[in-house]
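Which chain is which? The protein sequence lines are A and B, in order.
Take 1 as the starting number for the first sequence in the numbering used here and just add one per residue.
Take 1 as the starting number for the second sequence in the numbering used here and just add one per residue.
Misleading hints may appear alongside valid ones.
With a Cα cut of at most 20 Å, we get these calculated SDA-like pairs of lysine to any residue [claimed, not checked]:
(1) B:104 with A:58
(2) B:42 with A:50
(3) A:31 with B:57
(4) B:42 with A:63
(5) B:99 with A:10
(6) B:42 with A:40
(7) B:99 with A:9
(8) B:57 with A:101
(9) B:42 with B:93
(10) B:42 with A:82
(11) A:31 with B:31
(12) A:31 with B:49
Derived by calculation from the structure, the hints in this document are not laboratory data.
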Amino acid sequence: EADIYQTPRYLVIGTGKKITLECSQTMGHDKMYWYQQDPGMELHLIHYSYGVNSTEKGDLSSESTVSRIRTEHFPLTLESARPSHTSQYLCASSEGKHSGNTIYFGEGSWLTVV
Amino acid sequence: EDQVTQSPEALRLQEGESSSLNCSYTVSGLRGLFWYRQDPGKGPEFLFTLYSAGEEKEKERLKATLTKKESFLHITAPKPEDSATYLCAVRPSGGSNYKLTFGKGTLLTVNP
Numbered sequence: 001e002a003d004i005y006q007t008p009r010y011l012v013i014g015t016g017k018k019i020t021l022e023c024s025q026t027m028g029h030d031k032m033y034w035y036q037q038d039p040g041m042e043l044h045l046i047h048y049s050y051g052v053n054s055t056e057k058g059d060l061s062s063e064s065t066v067s068r069i070r071t072e073h074f075p076l077t078l079e080s081a082r083p084s085h086t087s088q089y090l091c092a093s094s095e096g097k098h099s100g101n102t103i104y105f106g107e108g109s110w111l112t113v114v
Numbered sequence: 001e002d003q004v005t006q007s008p009e010a011l012r013l014q015e016g017e018s019s020s021l022n023c024s025y026t027v028s029g030l031r032g033l034f035w036y037r038q039d040p041g042k043g044p045e046f047l048f049t050l051y052s053a054g055e056e057k058e059k060e061r062l063k064a065t066l067t068k069k070e071s072f073l074h075i076t077a078p079k080p081e082d083s084a085t086y087l088c089a090v091r092p093s094g095g096s097n098y099k100l101t102f103g104k105g106t107l108l109t110v111n112p
């Protein structure tokens, strides 16, 4: 079982503000991911990382950016938030040694942009 | 294009009334099929991984099965605490090995 911590859990911010969603995992997993999920809808991959200094964009276009300076830390940043960014953001990680390895998720960060 | 379709979208059961959830998939080869449980406002919680047709896995009142085109999540004698959204996801064998394609989920409500 993975321990993945996301902060903040809930956030309401004004349009144009910069926001960073934090994500940390304690298992030493190589791969980390950010998914976006709107209520009642599928999860969509927006960013992933194979390891330190490795980041790629996912299937769903996103205006957010990510960084992976340490194995355990994978923050997501929105430079200028807009109401269209209102959603739930889920951080996840996996071991990465085998392509069938399970992806474990954090509790999620609910972002509301007003 | 990889697709995952879950049915029904919502299911309401009485406590003790067994049933099954369906996950139909279309992928260019299957590297793994995953079942997750998601409670409101929380992240998905891992339940099972299935890799090949004919494989079955069980956990408490849940049993997952896999064929070449679909997977079933059987719930035996459910309890109210089993109420949640159940998500199915597939990892195709072609392309990058990071990608999971998710279905929209089945919202299960178990009434006491």
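### Message
Hint compliance check: list the failing hint numbers for this structure, sorted ascending.
### Response
2, 3, 4, 5, 7, 9, 10
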